[in-house]
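Enquirer: Here is what each chain is made of, one letter per residue.
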Amino acid sequence: MTAPEILSAIQTKFPEIKLELQQGPAGDPWILVTSGDVANVIRILKNELGLNYLACLSGIDYQDSLGVVYQLRSLSGKFEIMVKTLAPLENPCVPTISDLYASANWFEREAYDLIGIQFQGHPDLRRIMMPEDWVGHPLRKDYQPPAEYHGISTSRPNTHQLLDQLRTAQNRSDEKSKVDTVPHVTQSGTVIPKSGEGQNL
Amino acid sequence: MTKLMVETLDTESTVVNMGPQHPSTHGVINLKLHLKGEVIEAVDPHVGFLHRSIEKISELTQFTGFIPYTDRVDYLSAMFGNQAWCMAVEKLLGIQVPRRAEYLRVIACELNRIINHLIACGTMAMDLGAFTPFLHGIREREKVNDIMEKICGARLNYNYMRFGGVSRDFMPGLDKEILDFLDRFEKFLPEFNRLITGNEIFEKRLIHVGVIPPDLAISHSLGGPNLRASGVDFDLRRDFPYSAYPEFKFKVIIGGNYRGEAGDSFARYMVRIEEMEEAAKIIRQAIAGIPEGAYQTKLLRNPVVPSGEVYSRVESTRGEMGFHVISNGTDTAYRTKIRTGSFVAMSIIPPIAPGLMVADLTAFFGSLDVVAPEVDR
Amino acid sequence: MKELYDSISTSWQLSPGMMSLVTVLWILAIAVVVLAFMATFAGVTSWVERRIAGRMMSRIGPNRVGPGGSLQWIADGLKCFLKEDVIPQAVDKPLFRFAPYLVFAGCFAAFAALPFGYGIVASNIDIGIFYISAITTFVVLGILMAGWSSNNKWSLLGGIRSAAQIVSYEIPTGLAVLTIVVLAGTLNMQEIIKQQGGWPWYWFIFHNPFSLVAFFIFFSSILAEGNRTPFDLPEAESELVAGYLTEYSGMRFVFFFFAEWANLWVMSAIITTLFLGGWQIPGVADLGSVIEKSAGTVKYLWILASVASFFFKTLLFVFIVIWVRWTLPRLRVDQLMIMCWKYFVPIGFICLIGSALFAILPQTGAWYWFQLSIKLILTASGFGGVVILLWRSFYNIRALDDKIYFKVWE
Amino acid sequence: MVLALKNYFINIKKAFVSIFEGLAVTLSYLARKPITIQYPDRIPTPVQEMLPSTYRGVLEVDMKICTGCLACMKRCPIDIIRVDTFRDTETKKNYITRFDIDIAKCMFCGLCTEVCPTGSIRHSTEFEASSANIINMVLQYVEYGDKVPFYKPVKDQEPVSIPQNEAFRKVHKAWNAPAPIDPEKVRGQVRWKSDQSAEDKS
Chain A
91 MTAPEILSAI QTKFPEIKLE LQQGPAGDPW ILVTSGDVAN VIRILKNELG LNYLACLSGI
151 DYQDSLGVVY QLRSLSGKFE IMVKTLAPLE NPCVPTISDL YASANWFERE AYDLIGIQFQ
211 GHPDLRRIMM PEDWVGHPLR KDYQPPAEYH GISTSRPNTH QLLDQLRTAQ NRSDEKSKVD
271 TVPHVTQSGT VIPKSGEGQN L
Chain B
376 MTKLMVETLD TESTVVNMGP QHPSTHGVIN LKLHLKGEVI EAVDPHVGFL HRSIEKISEL
436 TQFTGFIPYT DRVDYLSAMF GNQAWCMAVE KLLGIQVPRR AEYLRVIACE LNRIINHLIA
496 CGTMAMDLGA FTPFLHGIRE REKVNDIMEK ICGARLNYNY MRFGGVSRDF MPGLDKEILD
556 FLDRFEKFLP EFNRLITGNE IFEKRLIHVG VIPPDLAISH SLGGPNLRAS GVDFDLRRDF
616 PYSAYPEFKF KVIIGGNYRG EAGDSFARYM VRIEEMEEAA KIIRQAIAGI PEGAYQTKLL
676 RNPVVPSGEV YSRVESTRGE MGFHVISNGT DTAYRTKIRT GSFVAMSIIP PIAPGLMVAD
736 LTAFFGSLDV VAPEVDR
Chain C
7 MKELYDSIST SWQLSPGMMS LVTVLWILAI AVVVLAFMAT FAGVTSWVER RIAGRMMSRI
67 GPNRVGPGGS LQWIADGLKC FLKEDVIPQA VDKPLFRFAP YLVFAGCFAA FAALPFGYGI
127 VASNIDIGIF YISAITTFVV LGILMAGWSS NNKWSLLGGI RSAAQIVSYE IPTGLAVLTI
187 VVLAGTLNMQ EIIKQQGGWP WYWFIFHNPF SLVAFFIFFS SILAEGNRTP FDLPEAESEL
247 VAGYLTEYSG MRFVFFFFAE WANLWVMSAI ITTLFLGGWQ IPGVADLGSV IEKSAGTVKY
307 LWILASVASF FFKTLLFVFI VIWVRWTLPR LRVDQLMIMC WKYFVPIGFI CLIGSALFAI
367 LPQTGAWYWF QLSIKLILTA SGFGGVVILL WRSFYNIRAL DDKIYFKVWE
Chain D
180 MVLALKNYFI NIKKAFVSIF EGLAVTLSYL ARKPITIQYP DRIPTPVQEM LPSTYRGVLE
240 VDMKICTGCL ACMKRCPIDI IRVDTFRDTE TKKNYITRFD IDIAKCMFCG LCTEVCPTGS
300 IRHSTEFEAS SANIINMVLQ YVEYGDKVPF YKPVKDQEPV SIPQNEAFRK VHKAWNAPAP
360 IDPEKVRGQV RWKSDQSAED KS
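Residue numbers (this note's numbering), protein chains in the order written: chain A, 91 to 291; chain B, 376 to 752; chain C, 7 to 416; chain D, 180 to 381.
Extracted from the complex, chain A is given alone in its bound form (with noise of 0.2 Å):
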């Protein structure tokens, strides 16, 4: 079955949902749902039309809005669709699906963990990646990370920056590079005569 397929199939049986079928100018196409309905469609996929099987469930940041994903498959039939549900970012309340499939559980914790979505009637809807007291949802574009977590910095130095401050510095205190003139001794004990010394190029 196709997409277009199962959008009929879904639209003859409850004419009532408001279904739409999009697809972008490259990729699969997807059926997009209200926030509302989305719980419903999905146990009517489940159930009318055996797609058993939650592949993928992401949330996304759209920017304007926040979308969950849900990549539905049926194992006996061997056809997959895509879902697409969008909520405001201001108040991201979607249904949750754990009832219809168990997996359902940990992906949208992830969800909510990462993107910020709420999902629910979800049982357990705890952060799953971040600590439990982490500020924010990571993966929002306009997320802000924070310069340290209790104490231990987020960042890392940049070699590059930390080597041209150590020459600035060397410039400002008139030393001049020294050449290290040691054989290169490899950890296994290898030594390795310094070669090519004033072989300017």
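Hints were generated in silico from the structure; no laboratory data involved. Fair warning: this is a prediction, and the values are worked out from it, not measured in the lab. There may be inaccurate statements among the hints.
[Stated by the list, open to error] Each pair of labels, with its calculated beta carbon distance range:
{"id": "1", "chain 1": "D", "residue 1": "Thr215", "chain 2": "C", "residue 2": "Phe87", "range": "24 to 34 Å"}
{"id": "2", "chain 1": "B", "residue 1": "Gly548", "chain 2": "A", "residue 2": "Arg216", "range": "46 to 56 Å"}
{"id": "3", "chain 1": "D", "residue 1": "Thr276", "chain 2": "B", "residue 2": "Arg427", "range": "47 to 57 Å"}
{"id": "4", "chain 1": "A", "residue 1": "Arg216", "chain 2": "B", "residue 2": "Ala663", "range": "49 to 59 Å"}
{"id": "5", "chain 1": "D", "residue 1": "Pro332", "chain 2": "B", "residue 2": "Gln396", "range": "37 to 47 Å"}
{"id": "6", "chain 1": "C", "residue 1": "Lys348", "chain 2": "D", "residue 2": "Phe199", "range": "15 to 25 Å"}
{"id": "7", "chain 1": "A", "residue 1": "Gly211", "chain 2": "D", "residue 2": "Thr215", "range": "55 to 65 Å"}
[Stated by the list, open to error] EDC-like cross-link-like pairs, simulated, lysine to aspartate or glutamate; straight-line CA separation at most 20 Å:
{"id": "8", "chain 1": "B", "residue 1": "Lys525", "chain 2": "D", "residue 2": "Asp335"}
{"id": "9", "chain 1": "B", "residue 1": "Lys518", "chain 2": "B", "residue 2": "Asp550"}
{"id": "10", "chain 1": "B", "residue 1": "Lys525", "chain 2": "D", "residue 2": "Glu228"}
{"id": "11", "chain 1": "A", "residue 1": "Lys136", "chain 2": "B", "residue 2": "Asp550"}
{"id": "12", "chain 1": "B", "residue 1": "Lys562", "chain 2": "C", "residue 2": "Asp408"}
{"id": "13", "chain 1": "B", "residue 1": "Lys518", "chain 2": "C", "residue 2": "Asp407"}
{"id": "14", "chain 1": "D", "residue 1": "Lys212", "chain 2": "C", "residue 2": "Asp408"}
{"id": "15", "chain 1": "B", "residue 1": "Lys407", "chain 2": "A", "residue 2": "Asp223"}
{"id": "16", "chain 1": "C", "residue 1": "Lys159", "chain 2": "B", "residue 2": "Glu413"}
{"id": "17", "chain 1": "B", "residue 1": "Lys407", "chain 2": "A", "residue 2": "Asp214"}
{"id": "18", "chain 1": "C", "residue 1": "Lys348", "chain 2": "B", "residue 2": "Glu575"}
Ideal Cβ placement from N, Cα and C applies to all residues, glycine included.
Start from chain A and add chains B, C and D according to the hints.
Expert: Positioned in the frame of chain A, the structure of chains B, C and D alone reads:
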């Protein structure tokens, strides 16, 4: 009086933290166990200790630059991360991969499947206290690592595939080397089975332990060997064919044909053992029928990918590895969601573990073949 | 040993006060000799075990310290003794400190009644095997103490496991020992050995089918008592982190392992004594009477030969225990108990009764030939098993097209 | 009852046979060659020479044939390559004044080598590049103060390159080599980022 006694004697369950540093959690995973004696009452898995924000990195790195990161999603089967990512971007770009490249990809992936399952079976034996099979597995794996070094130049983080092909062609004589390895490997597996698989203690430790019924396996979106061991006949390579897999004959291994029942830990172990044999057969077919031609399309330095959404998935060693990629028409992904087999395998532990003993939990956990970095990404 | 002491007491003509001093010094000297032997053995075995385990896994094992790594155990011991003695704050300190020594003492005390050769035994007590079975159980007290005092849940689980395991396995061990005691009619270790002849078919292992079964029961249950794989549940590193050892480090940790490796000798020596004819040399019909008849240097040479024979058999079993450890996975707690109570105990009882029946069979006429033929058949099948094992090993090498390669010093 | 008894003995037999087989396998390994490579000192040839030439070791640059196109710098996903060029306005010649590779951060992916037009940047088979000082992990293929002219590719002629590993060995310092500048002397002028944030906080 008796009632009072019972009430006062009733004890709390012991809460024990298994991990993050524990020999059998295969990385940093914390399982909070509620024990009654040695019997588990409840398990609360805590993951995220190895969260390296690979999904965030994908939003900051160009499409090509993200290929090495896909190695790190599951470092034991890096080829599959490569392949899933490349397939996703190729689908958005609309590139047709040359047939020779597809064959090279299949050979590399199936070799990777063999060495990953060697580790999986070996660590499982190690969880049960037998150290020797693990090192025997590692020894054979080392031979494939040498081959991988010649295929792509690295032993662990392969970074072999590119959009529209693979990074380099086979060195001359490499196919002979792979066939030599397979000859040895097909003799090694029976010896491995004599050493550990057939062992009565080993089987007794695994059969009827941690049985995952098929409906629960599907509901929890398990994939790969874990799903098939429960008796669900599903394999992405056969049912949603990709790459060159439709051109090969191979058997999809279903659990439950041995001692014990479908869905128990021993079934999962045996599915892995048999999949190694199947992988060897696929490699033989691929090497026999490898076509001549280009190994990649014109090298794409920094492709600008048309906007759209795509979900590409491959049959990885730990189940389905899926990349949900959203492009907004630039050279960088707008959002990438990586779906991994270990993540869903972790979520099956809370419903199955109650009633098992601590020793069973290590066997069950080992049989799920969870790799911590793949859980957290 | 006893003769030497007697000769001192008779020839030196000491006063009773001096004599008691000599006795104390004598006991101390013997204890030091045994301790030195035990320490050296435990140390060297730790290295040997690692080398053997290495080769079984296609590795080499420690080979850098001394020739072939043979001084590795000294380096390891020194390292552990120089380490800081960490005692966690929340532990029950007196018990925590005391537990390793208790384990060590339980193991060391067993050496008192162990024979090393003809007449060479620290204390030739008449209840020898009974004493050893009793005193080795001391170890469980130490392990339980360690598990409890560590104030760590993993340690506690390990300690409890150990208590359940060792107490349960005392029964099959005892039954198997009784099987032999019934045949030998004595508890004295030297006497048990003297009851067996030189040739393998006169050893108690091949005395009758029941004693052969008893041998396997004894071997398995003594592995369980010594906490060796496949029965190493108390320390089960993949389940309980390190069991009762989790909180220990440095010197105290070494003491536990010291006891474990010394225990290897204890169990192998008991097996050798009970089942494999102790210091009897195959080919010499009755070594005991030969030594008694001879005198002077010849006598000492014979005693030396008996020591060599005993050591050879014991070290063979040390090897087998190591070999089994690096082959088998670990049992689960309930399976361990099932194995004990459903398999070893009933079969042990059958063995005891069966052996008792054999013991009362007359030794004359047709009965003699009947018993001798059973012994010969059992011996032949035993050696047949060894031959099949070797054949299977060579089959394994051939099946992988590997070459035979013997090089011990790598 | 009979079945239970039969199972009882079958269990014993299975345990015996399977353990016997396992013991035969482990015993056979005592008579086989161990596969351990006694790195680093007890091997006939250095590991570097045993590796295939395709091995992705530490990056090295043959400055003789570097065209200064900066493709590698742009390609690197983690910005470990830093190339500075300058144009001499008098002679109208281009020079490379700096070619630094921070191998402390490098993940050996090999993407930079694929975009190089002349094969100047490439993988050596060296892997022993650790250092006690993180500054020494920055491999400076152009010595500080030097300038290297751009290489101009000649048509229909493969660029001649120096042998593999040579360029790396020239610039790599011993693992315990001192830092290029004594940090004590420049104290107060160079600060690590984490130090800065800690100071800002206080």
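Enquirer: Could you run down the list of hints and mark each one as holding or not?
Expert: Comparing the hints with the structure gives:
no.	hint	result
1	Thr215(D) with Phe87(C): 24 to 34 Å	29 Å, holds
2	Gly548(B) with Arg216(A): 46 to 56 Å	55 Å, holds
3	Thr276(D) with Arg427(B): 47 to 57 Å	35 Å, violated
4	Arg216(A) with Ala663(B): 49 to 59 Å	52 Å, holds
5	Pro332(D) with Gln396(B): 37 to 47 Å	54 Å, violated
6	Lys348(C) with Phe199(D): 15 to 25 Å	22 Å, holds
7	Gly211(A) with Thr215(D): 55 to 65 Å	57 Å, holds
8	Lys525(B) with Asp335(D)	29 Å, violated
9	Lys518(B) with Asp550(B)	14 Å, holds
10	Lys525(B) with Glu228(D)	14 Å, holds
11	Lys136(A) with Asp550(B)	46 Å, violated
12	Lys562(B) with Asp408(C)	11 Å, holds
13	Lys518(B) with Asp407(C)	15 Å, holds
14	Lys212(D) with Asp408(C)	8 Å, holds
15	Lys407(B) with Asp223(A)	19 Å, holds
16	Lys159(C) with Glu413(B)	11 Å, holds
17	Lys407(B) with Asp214(A)	16 Å, holds
18	Lys348(C) with Glu575(B)	16 Å, holds
In terms of the numbered hints stated before, the structure departs from hints 3, 5, 8, 11, listed from lowest to highest.
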